[in-house]
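Start from the sequences, fold in the hints, and give me the full structure.
The lines below spell out each chain.
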Amino acid sequence: MHDGIHVEKAGLPSATICTDRFIPTARGMAKMWGAEDYPTIFTEHPIENLDRSQLRERAEGLATEVVTILTGS
Amino acid sequence: MTSSNETTAAAWDDVFSAVEALYDLGWTDGLPILPPTTDKVAEFLAAGGRDGAEIVGELPERRREITAEKVAANAVMAGCKPEYMPVVLAAAEAMLAPPFNLVGPSSSMGGAAVLVIVNGPVVQELGINSRNNLFGPGNRANSTIGRAIRLILMNACAAIPGLYDRSVIGHPGKFSYCIAEAETETHWTPLHMERGFSAGQSAVTVFASEAPRQVRSVGRPEAILYAIADVASSLGTSLSTSGSVGDPAAGIRQGETVVTIAGNSGLWRDWTKAGVKEFLHSRIRRSVADFKRAQVFPGDVEPGDEERMVPLTASPEDILVVFAGGEESNMSSVIPSWGPKVGSTSVTREVRR
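Those protein sequences? They're chains W and A, same order as listed. Per the numbering used here, residue 3 is the first one in the first sequence, and the count goes up by one each step. Per the numbering used here, residue 7 is the first one in the second sequence, and the count goes up by one each step.
Keep in mind the hints are simulated off the structure, nothing from the lab. Every value quoted in this text rests on a predicted model; they were computed, and no experiment measured them. Note that the Cβ used here is the ideal one computed from N, Cα and C, for glycine as well. There could be a bad hint or two in this list.
Cβ pair distances, simulated, as ranges [to be verified]:
hint, chain 1, residue 1, chain 2, residue 2, range
1, W, Glu62, A, Ser321, 41 to 47 Å
2, W, Val69, A, Gly305, 46 to 52 Å
3, W, Ala61, A, Thr44, 53 to 59 Å
4, W, Val9, A, Met115, 36 to 42 Å
5, A, Gly310, W, Glu62, 36 to 42 Å
6, W, Val9, A, Ser248, 22 to 28 Å
And the structure:
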């Protein structure tokens, strides 16, 4: 969240993906940095135990949302 | 969000209502704390020789500047004596130094606490325990200095459980985790002198770490070190897990390890700390086969994997040996770091008085 918000503040579009167990932490960080409206993609927790193909599948499911945030369309 | 320079004023009729009000304010670690009255905070600042507005350190990721006043207020709340302030200030400065990377160990699922190791004349002057019940209760200096650090983390650094502190398990050292080295009772070079300070200086070393694992091996030095190395080579520590951070060539998160050794220093008369570190460094390791069985490394166990060993520390200097613990027995403890050194490195700072 911290890095995504700062990349965005530096003028580079960013899309941050966060697992849903961390929603309060992510919202708190955004508020702390005055970026309460910073768009964040939440995905089901956890991801650390996914193997390569499962992770790819998860990423493909989020790709459209990432593009939408990055292009603003 | 409360910035570090904002203060909250309140008044109470008696001590019990004050304690309850401090709970309501969310300033406690779950145990009762003392009210940080204006007079007490001023007394502690004077004892620490600091102006309240002085910046002790910064936590930029959480937009926090930690003032001496915040350190003093939390030291009062923890039950410290005013004369403990220089130690609390040095520990706060150390954990806010960039190499410690406080945002990591204070937020991670890994559940680290900040171990505070005190060296130098201040140990005797303040009565900081280095012997019996080393990590246990019963000594005011150890209990309250360690607790002050946790309260600073929670109240001034926003390491709030469940919000920015996402420890999955954590450990009891997160309430208080402060020890001293029994440096006057050993021929070994004290930790702070290994790190460039003189015998006349006092210093504090902070170490983001797991809980101590007690090692009950009390025979010959080599036998004790063999057991210590076995415990320090366990699967499931922060160091013997996959290397998503740190040196990619290692495959695991090589980090630092604190080893405390108790008892009678005479047992170790033929050993230096450097010798102990060399012995342990070459034995704190695990086979590729074990790492594969535990899914730390991918793939199936192949011929040769049982013999191929991976060290859990990159260098003997990453093992911090501290002579401490009761005189009753030559027992020891092993404390793995929270993660690799790139994530957090132990830091030593002088106690300024």
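Against the structure, the hints:
1. For Glu62/W paired with Ser321/A, a C-beta distance near 42 Å keeps the hint of 41 to 47 Å intact.
2. Distance hint for Val69/W and Gly305/A: a CB-CB separation of about 34 Å, inconsistent with the stated range 46 to 52 Å.
3. At about 54 Å, the beta-carbon gap between Ala61/W and Thr44/A stays in the expected band of 53 to 59 Å.
4. At roughly 24 Å, the beta carbons of Val9/W and Met115/A sit outside the given window of 36 to 42 Å.
5. Restraint check, Gly310/A to Glu62/W: a C-beta distance of roughly 37 Å satisfies the suggested window 36 to 42 Å.
6. At roughly 26 Å, the beta carbons of Val9/W and Ser248/A sit within the given window of 22 to 28 Å.
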